[in-house]
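Student: Taken in order, these protein sequences are the chains called A and B.
Sequential numbering from 19 applies to the first sequence in our numbering.
Sequential numbering from 19 applies to the second sequence in our numbering.
Derived by calculation from the structure, the hints in this document are not laboratory data.
One copy or two, it doesn't matter: identical chains are merged, so the pair holds either way.
In silico lysine-lysine, BS3-like type, Cα no more than 27 Å apart, as pairs:
1. Lys126 / Lys59
2. Lys126 / Lys93
3. Lys94 / Lys126
4. Lys59 / Lys192
Protein chains: 2
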Amino acid sequence: MTLVLDAAAQDLLFREARTANTFTDEPVTDEQVQAIYDLVKYAPTSMNQSPLRIVLVRSDEARARLVSHLGDGNKKKTEAAPLVAILAADHEFHEELPKLFPHYPAAKSHFEEIEGRTASARFNASLQLAYFIIGVRAAGLAAGPMTGYDADGLNKDFFGDGEHSVLAVVNIGKPGEDAWFPRSPRLEYDEVVTTV
Amino acid sequence: MTLVLDAAAQDLLFREARTANTFTDEPVTDEQVQAIYDLVKYAPTSMNQSPLRIVLVRSDEARARLVSHLGDGNKKKTEAAPLVAILAADHEFHEELPKLFPHYPAAKSHFEEIEGRTASARFNASLQLAYFIIGVRAAGLAAGPMTGYDADGLNKDFFGDGEHSVLAVVNIGKPGEDAWFPRSPRLEYDEVVTTV
Chain A
19 MTLVLDAAAQ
29 DLLFREARTA
39 NTFTDEPVTD
49 EQVQAIYDLV
59 KYAPTSMNQS
69 PLRIVLVRSD
79 EARARLVSHL
89 GDGNKKKTEA
99 APLVAILAAD
109 HEFHEELPKL
119 FPHYPAAKSH
129 FEEIEGRTAS
139 ARFNASLQLA
149 YFIIGVRAAG
159 LAAGPMTGYD
169 ADGLNKDFFG
179 DGEHSVLAVV
189 NIGKPGEDAW
199 FPRSPRLEYD
209 EVVTTV
Chain B
19 MTLVLDAAAQ
29 DLLFREARTA
39 NTFTDEPVTD
49 EQVQAIYDLV
59 KYAPTSMNQS
69 PLRIVLVRSD
79 EARARLVSHL
89 GDGNKKKTEA
99 APLVAILAAD
109 HEFHEELPKL
119 FPHYPAAKSH
129 FEEIEGRTAS
139 ARFNASLQLA
149 YFIIGVRAAG
159 LAAGPMTGYD
169 ADGLNKDFFG
179 DGEHSVLAVV
189 NIGKPGEDAW
199 FPRSPRLEYD
209 EVVTTV
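Could you build the full structure based on these sequences and the hints that come with them?
Tutor: Next comes the structure, spelled out in structure tokens:
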């Protein structure tokens, strides 16, 4: 009652949604991915940097290449997922700032230095990764985000330009049989929140 | 229609929600913050690391200290916000893993090395920052996340242990007059998503 969001939406996005490890065969369409993107693109990033880039791995050849970079525990479920997406940060996001942050033409000049720019790209793309996971759930699908992979291998194989770094690989689909483990405990409010 | 989440919830969380720069005087209660946390705590992090920590800045003294570390453009709105929260990553999150990831007792041993542990803390706490922003909106409130501050000063002043790093300062409340700028453009689907 304290929240405005209706209980069904709370369940869909947070309480009943779970990280899935198995999926049905039902395909995930480009229309679904576009609907997810067109919703979550509005969530905020610093200076509207919007550095997230998404690669949908649809061909058998690309799927096999992707799986070759994953940790052993992630291979089988990724081979079987209806759709696999690689979510990465674009370190050259600042080239888009004249378009994305038009009321402040000097925005791009804040990011001439590569180290700070890369950190900003990864931070803001991480926010967008989280929004994307919520968006997948908003489409009635389950997400299976993974970070267990050879990041250098994945970056080189899928982004040969050296200007992107992978943040997560996300399996997407309808949850299958025994899709998840029992939920692990969360920290209590008083363990996380303090007041000064 | 492609999404399962109802249109009102889509509007509340993404389409009509905006980063607010002014707020009404209506207070934000601890009950609201607890309801937000108790919803978004379920969203996923790697190995359930849950490294986000939140400091609610409620006293005038703490508010003045916080504002002293902010960039000039962020001072006035932060002085006026009903509630200000500091969201930080706990670099020692691995101490909680025996509780948070009980089915894999070796989890903590993956994080003995400080550099990788800090990166993991900041990455996963960034996901949780994004979930928190969505949760603020789920409570019918507006969030005003900011990253323009002296991070070293803020870390030292509010987390003297050297074991936390601030990710964002978030103003929270009901939007006031002229609360936001016109929405900046977003990247189109085809600029962000490719298929292989």
